[in-house]
Each structure stands twice: as structure tokens, then as C-alpha cells.
Amino acid sequence: MAEPKETQDQQEHHGISIADIVRVMVLGWSATLLTVSYLNVIPGMKMDSTFVASLLTGAMAGFGIERKGGNQKKEPPTIKQTSDKPKV
Numbered sequence: 041m042a043e044p045k046e047t048q049d050q051q052e053h054h055g056i057s058i059a060d061i062v063r064v065m066v067l068g069w070s071a072t073l074l075t076v077s078y079l080n081v082i083p084g085m086k087m088d089s090t091f092v093a094s095l096l097t098g099a100m101a102g103f104g105i106e107r108k109g110g111n112q113k114k115e116p117p118t119i120k121q122t123s124d125k126p127k128v
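Everything in the sequence shown is counted per our numbering, starting at 41 for the first residue and increasing by one.
If you're looking for bench data, these hints aren't it; they were derived computationally from the structure.
No residue lacks a Cβ here, since even glycine has one placed at the ideal position from N, Cα and C.
Please note that a few of the clues may not be correct.
Claimed, not checked - Straight line, CA to CA, 25 Å or less: simulated SDA-like cross-link-like pairs of lysine to any residue:
(1) LYS86 / ALA71
(2) LYS86 / THR72
(3) LYS86 / TRP69
(4) LYS120 / ARG107
(5) LYS86 / LEU67
(6) LYS120 / GLY104
(7) LYS86 / GLY68
(8) LYS86 / THR97
To be verified - Computed beta-carbon distance windows for the label pairs:
(9) THR75 / LYS120: 47 to 55 Å
(10) TYR78 / GLU106: 16 to 24 Å
(11) LYS120 / VAL64: 49 to 57 Å
(12) VAL64 / MET87: 48 to 56 Å
Build the full structure now, drawing on both the sequences and the hints.
Rendered as C-alpha cells:
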């Protein structure tokens, strides 16, 4: 008898999916290019690092890694009530 086919969830549970491998490759490639660019390892290399940085950010977000800025918890502004009595 043939064994029942595994569902996609069961297949992903057993190992690494192809999407994870591609994300890791993009993460490594973009991190390497940015490092080479910033360290000026290849003097004649000119590239737009903004595109590569966006790929790096997207790959990191795919793994749940996000940049946290300072003071992200801001209190909403409050309005203080003043008395209705005129100042004399």
C-alpha cells in the first residue's frame, strides 16, 4: 500500500524549506556586499548600497529580526483641564 502524502506543514516540520535557504542566501549575499562596500575592499567598486540594504532588511524581517529604534513607546499627548474661573 502507498503511504499517505504528507501535508505541507508536516514537510516543513521535518526540515528546512527552500524558502528558508533562499532567505539565508540573500541575507549572506547582501551582508557581504554591504561589508565590502563600507570597508572599501575593492577600491573601484561603485554601487548603490540602498538597494542592497533594503534586501538585507527584508531578509532579516523574514526571520522576524527587526530594528528597534530608541523610545518607541511614546505616551499619547494629554490635555490638562484648566479651571473656568478667569484670572484676576
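Verification of the supplied hints:
no.	hint	verdict
1	LYS86 / ALA71	holds, 16 Å
2	LYS86 / THR72	holds, 15 Å
3	LYS86 / TRP69	holds, 17 Å
4	LYS120 / ARG107	violated, 34 Å
5	LYS86 / LEU67	holds, 20 Å
6	LYS120 / GLY104	violated, 40 Å
7	LYS86 / GLY68	holds, 20 Å
8	LYS86 / THR97	holds, 21 Å
9	THR75 / LYS120: 47 to 55 Å	holds, 51 Å
10	TYR78 / GLU106: 16 to 24 Å	holds, 21 Å
11	LYS120 / VAL64: 49 to 57 Å	holds, 53 Å
12	VAL64 / MET87: 48 to 56 Å	violated, 22 Å
Comparing the model with each earlier hint shows violations of hints 4, 6, 12; every other hint is respected.
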